[in-house]
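Undergrad: Those protein sequence lines, which keep their order, are chains V and P.
Using this note's numbering, the final residue of the first sequence is 984, and nothing's skipped along the way.
Using this note's numbering, the final residue of the second sequence is 145, and nothing's skipped along the way.
It is possible that part of the hints are untrue.
As the list claims (entries may be wrong) - Using 20 Å as the maximum straight-line C-alpha spacing, the simulated PhoX-like pairs for lysine-lysine come out as follows:
#, chain 1, residue 1, chain 2, residue 2
1, V, Lys955, V, Lys825
2, P, Lys100, V, Lys208
3, V, Lys434, P, Lys131
4, P, Lys18, V, Lys434
5, P, Lys79, V, Lys434
6, V, Lys401, V, Lys526
7, V, Lys289, V, Lys758
8, V, Lys448, P, Lys133
9, V, Lys886, V, Lys825
10, V, Lys401, V, Lys524
11, V, Lys448, P, Lys100
12, V, Lys758, V, Lys293
13, V, Lys526, V, Lys503
14, V, Lys208, V, Lys758
15, P, Lys131, P, Lys66
16, P, Lys29, V, Lys448
17, V, Lys825, V, Lys293
18, V, Lys434, V, Lys503
19, P, Lys29, P, Lys100
20, P, Lys74, V, Lys448
21, V, Lys656, V, Lys204
22, V, Lys204, P, Lys29
23, V, Lys825, V, Lys952
24, V, Lys952, V, Lys886
25, V, Lys434, V, Lys295
26, V, Lys280, V, Lys293
27, V, Lys503, V, Lys524
To be verified - Pair ranges (Cβ atoms, derived):
#, chain 1, residue 1, chain 2, residue 2, range
28, V, Met431, P, Ala129, 48 to 58 Å
29, V, Glu966, P, Lys131, 38 to 48 Å
30, P, Asp75, V, Lys526, 45 to 55 Å
31, V, Asn396, P, Lys131, 42 to 52 Å
If you are wondering where the hints come from, they were derived from the structure by calculation, not from laboratory data.
None of these values were measured; they are calculated from a predicted model.
Built from N, CA and C at the ideal position, the CB exists for glycine as well.
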Amino acid sequence: MINELNKDLYKTDWRWYEDGYEVTRTSVWTGPGCHNGCGVLAYTKDGTLERVEGDPNFAYNQGRLCLRCINMVEQIYNHDRMKWPLLLDGEKGSNKWKRVTWDEALDFIEEAFQDCCRIIRDEFGGIGPEGVVALSGTGRNAMWQGAMVLRTAFGSPNMSFGFLSADSCYQPRMTANLLQEGDCWILDNAQLHPDRYNNAEWVKPEVVVVWANQPLASNPDGFMGHWLIDLMRMGTKFIVVDPALTWLASKADIWLQIRPGTDCALALGMLNVIINEDLYDHEWTETWTYGFDSLVERVQEYPVDKVAEICWVDAQLIIDAARMYAKAKPAGIQWGLAIDMQISAMEASNAIDDMVAICGNLDVPGGNVLVRYAYNSSKKYGAGLEFISPEMLDRRIGTTQSPIHKAGYTPFIPPDLLLEAMETGVPYRPQLIWVEQTNPIANMAGDAPRVYKAWKNIKYTIVADYYLTPTAVAFADCVLPMAMSIERNSYRSWWQPLRTITASAGRYYECKSDEELVMAMGKRFNPEFYGQFETTEDFLTWMIQDEGNGVDYTFQDLREKVYDWWDWNETYRKYEKGLLREDGNPGFVTATGLFEIYSPLFDVWGFDPLPHHMEPYESPYRTPELYKEYPLIYTSGHRHIGLFHSEHRQLPHMRQIHPTAICDISPELAEELGVLEGDWVWFENPRGKCKQKAHIAPGLIPNLVRARHGWWFPEEEAAEPHLYGVFDCNANNLTTMGVYGPTHYGAPYKSTLCKCYKVTPENDHSESELITTQPLTGFHFTRFEGV
Amino acid sequence: MPTAEEMNRGFDAVKYWAEFKDYNAKPVQHGLLIDYEFCTNCHSCELACQMHLGLPAEQWGIKTLEYGPIKDVNGKWEWTYVPMPTDLCDGCADRTKEGRLPMCVHHCQAGVMFYGPIEELAKKAAEKPKMVLFTLDEREEA
Ligand code: SF4
Ligand code: SF4
Ligand code: SF4
């Protein structure tokens with residue numbers, strides 16, 4: 198009778214009625230922002246959401262929820278939420294707005310677009326629509342919508358992350374996977390099977406390596422972090438690679454406390470042990486890989502002693518970890534963001550990928566399995582590319598400078614080169630920035646003050662969001678109010694299963710969902726195409742059917758199925774079965790058909806075809822002089838458990854748990870600076886400074902500090918100069934734009950240098966008020982393209 | 004000098020505590036069993052409980068307590084959390100009556116919370132180390 202599930206109360210229908218409630222089974226995917234899509238039950242009365250519970254009948258989360266979904270009611274009925282479209286009614290930054298109708302807002306957008314096209318034609322000799330740039334945030338249900346508005350309504354090819362330098366989030370790892378084996382892998386936590394741990398084919402990984410992420414807090418890449426606890430309780434052993442003592446690291450069998458930015462060296466050192474001690478899977482490697490011999494040679498350059506010195510990790514621990522991983526059958530790797538946030542992002546990804554492959558852990562139960570979007574319904578950041586003519590594609594900003602972008606491995610334009618175009622007007626200055634649910638200057642923009650300054654040069658900005666944000670107040674002419682997931686009809690096909698997102702709560706004031714916004718913009722700007730859809734649901738049917746590549750049923754059918762598990766994603770060893778290649782032959786989707794340890798494409802593009810270590814851009818060894826003045830390693834962006842990036846700062850039940858920007862410093866540093874728990878400290882380097890509240894964190898590398906990201910203060914003054922205090926605690930006052938490795942992937946968000954000192958009454962001030970009042974002339978160009 | 008026995012006038016503390024009766028006590032039917040070895044401090048139980056009880060921020064029906072992170076005398080890291088029900092916890096009586104789980108148990112991300120009859124939970128508690136059993140306060144308010 199312990200934890201019994203009452204099947205009469207928790208049904209598998211898509212909707213039912215009980216005790217005056219309408220209960221809807223749906224999945225949730227933005228807002229609140231999240232990489233997961235857990236199942237919830239929405240209990241509504243007369244269209245008002247009264248309560249949310251996790252859906253115990255959905256194998257993905259099995260009833261569990263994190264803070265964000267539990268807090269749904271406060272989230273959607275928060276009075277700060279945008280209620281209707283706003284037009285600027287004063288200077289930009291004044292926070293003066295007037296309420297308008299959706300039609301008036303669309304009229305304004307249409308006029309702005311005409312003006313944008315005229316300027317691009319007259320002043321830059323272009324075609325016109327390319328003057329629009331759409332910015333998107335990270336992987337949430339606001340990826341394909343901005344892309345569709347941009348490409349199918351405006352007809353522009355310029356899609357970018359919100360100034361995330363060098364696309365440093367999952368793009369390096371995914372691109373490495375795509376280049377080496379044609380598909381992406383994830384740790385097999387049985388999440389691809391509806392019967393999960395009971396599945397007959399699935400086996401428990403003996404060892405899991407949690408590499409460069411804190412999944413319990415971040416739920417990264419469509420992976421629910423707490424699944425790892427399930428494994429831990431089943432007896433899986435853990436190796437954790439992290440510079441900080443995370444809770445997982447404290448429980449790990451081996452904790453490799455790595456110096457940030459040296460993951461590639463560590464992987465090569467482990468490969469050195471695995472190869473030289475003959476611990477790899479010979480049969481697999483001989484049958485399925487290309488270029489193994491060259492890796493054997495390469496790893497000889499990375500003996501463990503040398504790697505130990507580079508990584509600041511004990512040599513014996515590296516040897517133990519390599520043996521533990523290689524001898525376990527199966528073993529899996531759960532990798533993460535910190536790999537992407539270094540100039541060696543691509544190189545580290547390749548080296549880790551090689552480990553998975555040669556140890557025979559690729560696409561086997563309990564290893565790292567190859568996955569695709571459920572039913573191939575894969576329209577996301579690349580959605581609408583077919584609407585862009587080759588002539589227009591050539592007008593993309595910055596892509597000619599990067600071979601990987603040029604070859605079309607990514608639908609994005611490089612954010613760093615977009616910033617340069619905004620600053621210099623070369624090849625042209627974008628005139629209209631469309632911001633689909635992203636808040637760059639508060640969150641992911643590297644060197645945020647530089648981005649602020651450049652963005653002030655842009656004539657028009659339209660922001661679609663839930664709240665007024667620092668980005669909206671600083672730049673927007675028009676702000677559009679967006680609906681949250683519990684109010685939206687949509688779907689999620691990211692990995693497994695295909696999920697409905699069913700509108701269950703009534704609509705908050707005049708908010709539109711991102712899908713409805715695509716429809717409204719489409720009907721206004723591209724009636725020929727959007728004329729075929731009467732309702733948003735018709736349009737969603739078109740999306741999930743994906744022109745014959747997706748499912749053969751309608752959105753309404755999906756709503757009633759709620760979840761649809763795709764058997765392809767459940768299948769193991771797909772390369773043996775001919776399931777990966779279009780020609781139906783065994784092998785991978787690569788030119789050689791093999792797993793490419795040696796990358797012929799890298800060779801063609803002029804990159805090193807094998808992984809190699811590069812010292813971080815600013816580091817004790819590359820820039821020893823700088824290190825004297827700035828003797829601390831500065832990392833940023835470690836996740837708040839239950840918060841998503843810069844969201845939720847309006848919500849009292851979230852702020853009770855995360856009241857402000859709390860950084861981690863080591864006990865040794867605290868002692869040296871005379872800092873007590875809760876004191877405020879400055880972090881400073883040549884680019885800028887920010888202040889945060891100190892938490893003294895045992896187990897940290899003594900001269901390493903961890904700054905929190907995403908902090909702004911909705912309770913403070915919105916109008917400039919204060920701008921919600923967005924630059925006061927901003928970790929990105931110290932990071933870079935324009936710095937990355939030779940592949941143009943990976944920026945050093947997590948591996949730079951700084952100094953630290955106490956905030957005193959004499960040195961205390963608002964950085965925000967300084968930065969927003971600086972002259973807008975001139976720009977500081979930084980460009981570093983690795984070695 | 005009087006002996007200890009004489010000083011205590013025959014009071015036998017061991018016997019006294021063994022037979023001690025709390026006259027406010029009432030037998031308890033149900034409890035929360037926590038496998039605290041794996042509590043991650045994800046806060047889900049805390050907030051789920053606040054939603055259930057309709058509590059404002061900073062008022063808790065259950066709250067995690069923390070020990071560590073600390074390197075112990077053997078050089079091993081310890082970092083342990085235990086969620087503790089407070090006076091405001093009502094045992095989710097209205098939910099369990101209907102056959103639902105308490106809100107905290109239903110949403111625990113690590114799956115380490117168990118609700119059920121005390122005897123069964125006690126049996127389960129004997130299955131592994133590092134479990135703690137809270138008996139729920141089922142007294143009706145006057
Ligand atoms: S991880 Fe949290 S926010 Fe994301 S869907 Fe699940 S419960 Fe909701
Ligand atoms: S049993 Fe109910 S009231 Fe008690 S702590 Fe859990 S959720 Fe809160
Ligand atoms: S929900 Fe579970 S894992 Fe999370 S803090 Fe509470 S008891 Fe711990």
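Undergrad: Give a verdict on every hint.
TA: To see whether the hints hold, each was checked on the structure:
no., hint, result
1, Lys955(V) / Lys825(V), "holds, 19 Å"
2, Lys100(P) / Lys208(V), "holds, 18 Å"
3, Lys434(V) / Lys131(P), "holds, 18 Å"
4, Lys18(P) / Lys434(V), "violated, 47 Å"
5, Lys79(P) / Lys434(V), "holds, 16 Å"
6, Lys401(V) / Lys526(V), "holds, 9 Å"
7, Lys289(V) / Lys758(V), "violated, 47 Å"
8, Lys448(V) / Lys133(P), "holds, 14 Å"
9, Lys886(V) / Lys825(V), "holds, 18 Å"
10, Lys401(V) / Lys524(V), "holds, 15 Å"
11, Lys448(V) / Lys100(P), "violated, 38 Å"
12, Lys758(V) / Lys293(V), "violated, 46 Å"
13, Lys526(V) / Lys503(V), "violated, 28 Å"
14, Lys208(V) / Lys758(V), "holds, 13 Å"
15, Lys131(P) / Lys66(P), "violated, 23 Å"
16, Lys29(P) / Lys448(V), "violated, 39 Å"
17, Lys825(V) / Lys293(V), "violated, 47 Å"
18, Lys434(V) / Lys503(V), "violated, 27 Å"
19, Lys29(P) / Lys100(P), "holds, 19 Å"
20, Lys74(P) / Lys448(V), "holds, 12 Å"
21, Lys656(V) / Lys204(V), "violated, 57 Å"
22, Lys204(V) / Lys29(P), "violated, 32 Å"
23, Lys825(V) / Lys952(V), "holds, 10 Å"
24, Lys952(V) / Lys886(V), "holds, 9 Å"
25, Lys434(V) / Lys295(V), "violated, 58 Å"
26, Lys280(V) / Lys293(V), "holds, 15 Å"
27, Lys503(V) / Lys524(V), "violated, 23 Å"
28, Met431(V) / Ala129(P): 48 to 58 Å, "violated, 20 Å"
29, Glu966(V) / Lys131(P): 38 to 48 Å, "violated, 56 Å"
30, Asp75(P) / Lys526(V): 45 to 55 Å, "violated, 33 Å"
31, Asn396(V) / Lys131(P): 42 to 52 Å, "violated, 25 Å"
Violated hints, in rising order: 4, 7, 11, 12, 13, 15, 16, 17, 18, 21, 22, 25, 27, 28, 29, 30 and 31; the structure is consistent with all others.
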